[in-house]
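K.L.:
Spelled out from the first residue to the last, the chains are:
There are 2 protein chains.
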Amino acid sequence: MAKWVYTFGDGKAEGSRDLRALLGGKGANLAEMANLGLPVPPGFTITTEVCAYFYANGSRHPDMLAAQVKAALDHVGALVGRRFGDAERPLLVSVRSGSQASMPGMMDTVLNLGLNNATVEGLAQAAGDRRFAYDSYRRFIQMYSDVVLGVPHHHFEEILESFKEERGFSLDTELSAEDWQKLIGAFQAKILAVHGNPFPQAPEEQLWGAIGAVFGSWMNPRAKIYRQLHNIPESWGTAVTVQAMVFGNMGETSATGVAFTRNPSTGAKELFGEFMINAQGEDVVAGLRTPQPLTEEARHAAGTDGVSMQTALPDVFAEFQRVAERLERHYRDMQDVEFTVERGKLWMLQTRSGKRTARAALRIAVEMAQARLISEEEAVLRIEPASLEQLLHPTIHSGAARNVIATGLPASPGAACGEIVFDAEEAEQLKGTGRKVILVRVETSPEDINGMHAAEGILTTRGGMTSHAAVVARGMGKPCVTGAGSIRVDFGNETMSTAGTTLKKGDLLTLDGTTGQVIAGRVEMQQPEMSGDFATIMEWADKRRRMQVRANAETAADAQAARRFGAEGIGLCRTEHMFFEANRIRALREMILATDEAGRRAALAKLLPIQRGDFATLFEIMAGLPVTIRLFDPPLHEFLPKRPAEVAEVAAAMGVSTDKLERRAAELHESNPMLGFRGCRLAIAFPEIAQMQARAIFEGALEAKRKTGGLPAPEIMVPLVITKPEFDLVKAEIDATARAVAAERGEEVRYSVGTMIELPRACLVAAEIAATAEFFSFGTNDLTQTALGISRDDAGSFLGAYEQRHLLPIDPFVSIDQQGVGELVEMAVARGRAARPDLKLGICGEHGGDPTSIAFFEKIGLNYISCSPFRVPIARLAAAQAALGKVAAQES
Amino acid sequence: MAKWVYTFGDGKAEGSRDLRALLGGKGANLAEMANLGLPVPPGFTITTEVCAYFYANGSRHPDMLAAQVKAALDHVGALVGRRFGDAERPLLVSVRSGSQASMPGMMDTVLNLGLNNATVEGLAQAAGDRRFAYDSYRRFIQMYSDVVLGVPHHHFEEILESFKEERGFSLDTELSAEDWQKLIGAFQAKILAVHGNPFPQAPEEQLWGAIGAVFGSWMNPRAKIYRQLHNIPESWGTAVTVQAMVFGNMGETSATGVAFTRNPSTGAKELFGEFMINAQGEDVVAGLRTPQPLTEEARHAAGTDGVSMQTALPDVFAEFQRVAERLERHYRDMQDVEFTVERGKLWMLQTRSGKRTARAALRIAVEMAQARLISEEEAVLRIEPASLEQLLHPTIHSGAARNVIATGLPASPGAACGEIVFDAEEAEQLKGTGRKVILVRVETSPEDINGMHAAEGILTTRGGMTSHAAVVARGMGKPCVTGAGSIRVDFGNETMSTAGTTLKKGDLLTLDGTTGQVIAGRVEMQQPEMSGDFATIMEWADKRRRMQVRANAETAADAQAARRFGAEGIGLCRTEHMFFEANRIRALREMILATDEAGRRAALAKLLPIQRGDFATLFEIMAGLPVTIRLFDPPLHEFLPKRPAEVAEVAAAMGVSTDKLERRAAELHESNPMLGFRGCRLAIAFPEIAQMQARAIFEGALEAKRKTGGLPAPEIMVPLVITKPEFDLVKAEIDATARAVAAERGEEVRYSVGTMIELPRACLVAAEIAATAEFFSFGTNDLTQTALGISRDDAGSFLGAYEQRHLLPIDPFVSIDQQGVGELVEMAVARGRAARPDLKLGICGEHGGDPTSIAFFEKIGLNYISCSPFRVPIARLAAAQAALGKVAAQES
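Chains as they are written, first to last, in the numbering used here: chain A, 589 to 1480; chain B, 589 to 1480.
No lab work stands behind these hints, which were simulated from the structure alone.
Treat the hints with care, since some could be wrong.
One copy or any two copies: either way a pair holds, since identical chains are not told apart in the list.
To be verified - Below are the SDA-like pairs computed for lysine to any residue, each with C-alpha atoms no more than 20 Å apart in a straight line:
| # | residue 1 | residue 2 |
| --- | --- | --- |
| 1 | K770 | Q1148 |
| 2 | K658 | I1198 |
| 3 | K812 | P1313 |
| 4 | K1194 | P1425 |
| 5 | K1131 | L969 |
| 6 | K778 | A675 |
| 7 | K943 | A856 |
| 8 | K1131 | A1233 |
| 9 | K778 | R1189 |
| 10 | K591 | R1424 |
Note that the structure is a prediction, hence the values are computed from the model and not measured.
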């Protein structure tokens, strides 16, 4: 016979926490607590299989359910010495939903079920308090009508309000038992009028109505949306837990409360929570009285003059402390519990793992591991890698109020506050006088670099997640919001306006680069901290990690940050990014705009010493660690001069007319720069570019050696390859340059040449390419753009609608699209390794810093991941978790 | 013992035409002719395996080769009654290269080998002509020095010129035997001086020198380039054929000639060729005398008063006629032969299949099949599908001189001539007065449509193969050259200039859309013809074809052309193309620029009747045939108004300010429109667009039924799909609209819904998509752009360098990249069919009209191909050939 119902109570239970899928989280944990012998009001759980049956069979229940429920009710009644519907000693129950995943507040609950015109008197007798009994009854009627009968709350509120007005009452507490009794009559009349049927008096009818309503609530709109948002399968269903009522509002020795077994904000090992004497849970929510701290220590700390539970109910508190300790040791995690004290007797109503801040999570994990409650591996697995973000950048204080005036794209995380400036040069000047500024532009260009350096944060009204501002800001680790399209900037008047708000130069502005919020005024911040527990967890993680973690870095500052964050090398040095600064960009522009080889060589001659110096510096900072340098891959249009002054400057430097220069710039214009004259296509058309860069790398390496004694081993990366001959051609230029430099200097540099795999065709022909390429680095940004046909810069117009409607399993620019892009990467890994077993495989797209993607990269066996310096700790932790077997979940 | 040498002559041969790979084309055919008993000067062929040995062993020959050559020489000498090096009856030979593939003029030849200071006298005796003998000797010395010794020709020319000057001669024919003898002395002295060694007198030394030179020539630069251009593997190597010399210059009963067994221009069954009495092949090439026709009929037709071979050498002619007839029957194809008559004796020197025009190829194939010489299948396989292009458009007469002033992209094939106009409206006006015009623009936009219709051809100075002008012109079947960047148009002065040439409005201009040439003035044209042999071959092809052939068509004119060319349905109706005309584009622009759903619905209401009428017309024209209609997929930027007048017009129609409209247009601007807000992304963001189109399709189908009685079965195609949910969402809109229309009209339309597979991810998740999609049509243009990361519009800047340097096996926009894009398509076919065995599979990218690609599509089992109407016959033929087993060759 199918078992649809599981009882618990009196020190034992038919279920346990292992039956979470069947009993829901709440039901499983109540059973577990009962098995532990903890004081749990007896009850039973109707399984999630009944929910599945209910939806598969037109809202009907399985045949044997009624009998099983009846038996369970009798069992519960026997344990508490009451009977369902008994006029003298009535059994009252709560009916709650509970699914495998926590869905707080998403589904409906009914309390005090079992009360009717007769049993209410029995309750009054038992409690010795008529007012309490009728108050409980009217609460039940309101809740049940709303949840089960669909009679909205406001009907009852109207009756109550006019009654109070009539009597001149202002508070509910002024109503007597008799007043409530009268109102209950009026409530029941209203129900008959609105619903067409009288309020059910039979407790069995009440119970089945409530059970049906809980199952029905699984499909209500807010539950559906919640499931979609949290990727909870509809098929899981909900269980229904029916439990004997206990009352925290039976006088001064009764109470209700919630607690965490450790401080969820700091992680400190101390009972943390609040309680209220003579109250039920909903009174705490209603906020008419202030809950009190549990411990004396907390009360002192809060500086309140109330009474702590420790003082008010010392015996119960002592028992509760033991229970809490027991639960934490049993569950081996910090618990979030609910309890009620009924006339001096403690009852546990719920326990579950408690939510906590990143800081608390670190401390709890470390301390539990040090106390041998969990292993180091478990401690590492307990930390959500993405939560570290909170600790790596200054952030807006969690409690601070935010006057959000616009929301753009969260282009670079962290928060910053400063005075508004609209001009990059002015930003530099103000910074020079010690002021903090936020640079606001429509979009940024390489001319703005110094201003961006000077600013605390950058806001643009145009541009996407890969716009100039976004890329540069991420590189600098500076907060940035891009594409805040609702803001209009008036440079003439030096103002920025959005619906209803106009700010002018010098006004304070706060940016939250983690959420994309633009906030007027100053908001309180909290600063990052990376020592202590953070460092301990990182150390433990690093011991378990298989994949290397490198950083994407070009400047000395980036490289230093990368080392500080624990990067084990540079996985991507985008050489074109080394020319963003105003005094360097002119030479790069001359190179791009040259109309012949001679012109190009002249420009390249100016670039060579700059590159050599940069590389030497990077090699020095990364001493001994691998440095992967990608040959020029500029999206040409981003580097073209736009303003007349820039055009004139470049024209003068090149000795050509501005007319000619503008014509050349127009020639270089592309319809789809993403798919244009980029990457190795440049090196093939103009081999002198690759020659110059290879020379700068080899000479830079020798220079670094002179200073540090150790010879660096650069990894040279050829971008945007789709065929083997392309790669071979560029590799030949690099090898020839290596021989030339070795001959000139009398010393060889050890180096390897590999390629960036960033186009679908490259994945398909990976075996051919691997015949000569010594490493692959997956450029999953571009691979995503091409495989999905989505330009990241243009996706704003539709990707929102796609996520909302679940047309894509994930945002493919945040987590790698495992089914599409992921299959291409896997294919390239398999084909590449088949051709060259020791092929070194890495990834340098932004997915390198995404934990879900990292789990995927572990699964397919990459050698390393590379991400922006500020995500290195996240990547280290995620890589450790992946190595420990955490899998990359993704809908398909 | 390895056999390195194969002899032939005297009615038999060791080889045959089946040994083409071993003996080369020339050697194999000489052996074959010998076996047939035809008069072939005896000789022998050194195999291609010797060539391979030669390159594998540092230019050494195999051990036994010398002995085998010696034996073969003796054999040849015995047959002709002469001996190598014999002073009285010297054997003279020619030494020629010959590989498996024809490489005309790519490798070196030596004639008259065996002559030296002694044997020349023997030749003089035998010929009874000292001048002939010494002339032959000096020719041999010049040729041998050039080819074998590396002593350039000019040394001898200088000596000869100064000798002639000294004597006052102007023609070589004025030199006597003694003169030549003196010159030979001077030549030999020069050789000693330049080369350091004397000219070799020993015939054996001469022979081995020549053999080595022929092998060496396999690797000379021009042979290498030729092989690269024609995809001939280097490993094939060349054979060397050594053959007894015969002389066409031994007096009035000697002659030399070339002939085709049928007319290579018209295909008529008649001997076609020319000959010259008392001459050698090189005299014909030198052009000092005019060759004469072979037959009297040809002489009459040409209106010359020379003497035909038929008249001059009637017996030899009769024999030659029999030989030609015999060769054609034997080879079962029109032959291109070379012959020499030595003192009244016919000698055959070469036979091979003759090159012919497309027209001739059709006639020959049809007539040979009708004469049962070949099968219908063979006839179908004999026609190069691409050659039909010549017959489908007017073309420039092959003999016409071309004053090419610029070359752009061959955007739409065919040739056209007319007066230059720079304005679309003016083009319409002039067309109205009966004038023929060529529309010249920087680039075209939808406003220019009527002018493009009016023009004979279109020239733009900007834009690629998929620019507006190119796409529209191909659809219209109008010649078009795009991106002729060297031309500057001055609209103010109404002139166009290129280096050295300025043309003004009204000047005549000719465009060759097949080559991209822009030609000043008028050039003679030839008109297309599609009946007769063409129709016969098509009928035969259609019987053998497995794949359906459809056309890409939107307008009534396109659809009618498609039917005329034999299309079996429409494979791609690009609905956005239906709005190119000026009076329609405004409504489309209103739709695109609408800022809310209400505005969009207002615009869509205007579009609905237009679409419905268009679809009804297409269904009527295609009565009974499938029509695949793709939902809107506009590259938004192409449809945005640009000129102020257009902006004002659209703004007025929408009732908004021009400012607001311009802002909206700016919002719609995309960095990479190819990867932007396109395809089903539009239908998902704005479901009302798909609803309107579905309604227009269903209502149009019912309207067509009222007129024709038959109910069309439209295939509705959702573009740019990458996930199943996307497709399902749009399909749901279509299905709902179908139900709504059926309810309103009381009649259902049968339809199917499928998708365009045009992005790599779609190929990977094809199984999922096929669960609900009823057909796939591969959009290989976009699939190529994304898989290779190459924007076709921008590829001009580097694709040239790529082809030149063989970095890509083919131009991937002409023939499908089988290794990359092809694997994706194959994957989608396999996965799609696994999920839905009756999935209908087609292709509608431009590869649908490319024969190599078509062979690939046959191999992977597509159901149909679709191409532009004018390529339908090519596709039909190519599909038949593919079905008959012709494979799609492609380098990897």
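K.L.:
It remains to establish, for every hint, whether it holds in the given structure.
P.N.:
Results for each hint:
1. K770 / Q1148: Classified as neither; 75 Å inside a copy, 85 Å across copies.
2. K658 / I1198: neither (84 Å within a copy, 69 Å between copies)
3. K812 / P1313: between (53 Å within a copy, 17 Å between copies)
4. K1194 / P1425: neither (41 Å within a copy, 63 Å between copies)
5. K1131 / L969: So K1131 and L969 pass the 20 Å test inside one copy only (13 Å; across, 68 Å).
6. K778 / A675: neither (25 Å within a copy, 137 Å between copies)
7. K943 / A856: So K943 and A856 pass the 20 Å test inside one copy only (14 Å; across, 91 Å).
8. K1131 / A1233: neither (55 Å within a copy, 69 Å between copies)
9. K778 / R1189: neither (90 Å within a copy, 46 Å between copies)
10. K591 / R1424: Classified as neither: same-chain Cα gap 57 Å, cross-chain 41 Å, threshold 20 Å.
Hints 1, 2, 4, 6, 8, 9 and 10, counting from the list given before, are not met by this structure.
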